[in-house]
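Undergrad: Produce the complete structure using the sequences and hints provided.
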Amino acid sequence: MHQSIEIDEKIFQDAVRFYGTVFSLPPLASKIYSYLLFDYEKVGITFDEFVEVLSASKSSVSTSISLLLNAQLIVDHNKMDERKRYFFINDEYKKIRFEKIVQKMQDELKLLDDLNNFKTSKDDGYNERIEVYKALLNKNIENIQESLNKL
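For the sequence shown, our numbering assigns the number 3 to the initial residue and increments by one for each residue that follows.
Where hints are given, some of them may not hold.
Cross-link-like lysine-lysine pairs, in silico, DSS-like; alpha carbons within 27 Å at most [claimed, not checked]: (1) LYS121 / LYS97; (2) LYS102 / LYS152; (3) LYS12 / LYS44; (4) LYS44 / LYS106; (5) LYS96 / LYS152; (6) LYS102 / LYS112; (7) LYS96 / LYS136; (8) LYS44 / LYS152; (9) LYS81 / LYS97; (10) LYS112 / LYS81; (11) LYS60 / LYS106; (12) LYS81 / LYS102; (13) LYS136 / LYS97; (14) LYS12 / LYS121; (15) LYS102 / LYS136; (16) LYS136 / LYS152; (17) LYS112 / LYS86; (18) LYS141 / LYS152; (19) LYS60 / LYS44; (20) LYS102 / LYS141.
No wet-lab data here; the hints were simulated from the structure. Computed from a predicted model, the values in this text were never measured in an experiment.
TA: Written as structure tokens, this is what we have:
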């Protein structure tokens, strides 16, 4: 088996489970993503290497790679004078992922405000809990955005 990178089987299996769950990935896509995590030198992994190393069909690998590319989890590049595509973890994805989280929290804040403005009864206990929740959302948005600026 030709492998351009060295992997640790236990860490690999843990990563497959974790990222499969976190990103809602099918098993092969999760394996491809997890395999790429071990490409510390950023040499890139070819389509053929995935087929060989993961013992998967070309069509399955192709489908999984398309899914990962569409989800922006990975990127591909062609090296000069080569037709082969090389795949890499998308280093921007961490930023993209947290920007999406911030957007969801902002959307929820707007929805809570809309619901509150529509509501006719004034239940102070409910309003108090909602205000505490909104403060929590705002604090998390602030913290994430502060950290994103450092990425």
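Undergrad: If a hint holds in the structure, say so; if it does not, say that too.
TA: Checked hints:
1. LYS121 / LYS97: 36 Å, violated
2. LYS102 / LYS152: 17 Å, holds
3. LYS12 / LYS44: 21 Å, holds
4. LYS44 / LYS106: 32 Å, violated
5. LYS96 / LYS152: Cα-Cα ~12 Å, so holds.
6. LYS102 / LYS112: 15 Å, holds
7. LYS96 / LYS136: 24 Å, holds
8. LYS44 / LYS152: 22 Å, holds
9. LYS81 / LYS97: OK: LYS81 and LYS97 at ~26 Å, within 27 Å.
10. LYS112 / LYS81: 46 Å, violated
11. LYS60 / LYS106: Not satisfied, since the Cα-Cα distance of roughly 36 Å exceeds 27 Å.
12. LYS81 / LYS102: The given pair, whose Cα atoms are some 31 Å apart, is violated under the 27 Å limit.
13. LYS136 / LYS97: 23 Å, holds
14. LYS12 / LYS121: 52 Å, violated
15. LYS102 / LYS136: With Cα atoms ~18 Å apart, LYS102 and LYS136 stay inside 27 Å; holds.
16. LYS136 / LYS152: 25 Å, holds
17. LYS112 / LYS86: 46 Å, violated
18. LYS141 / LYS152: 17 Å, holds
19. LYS60 / LYS44: 23 Å, holds
20. LYS102 / LYS141: 16 Å, holds
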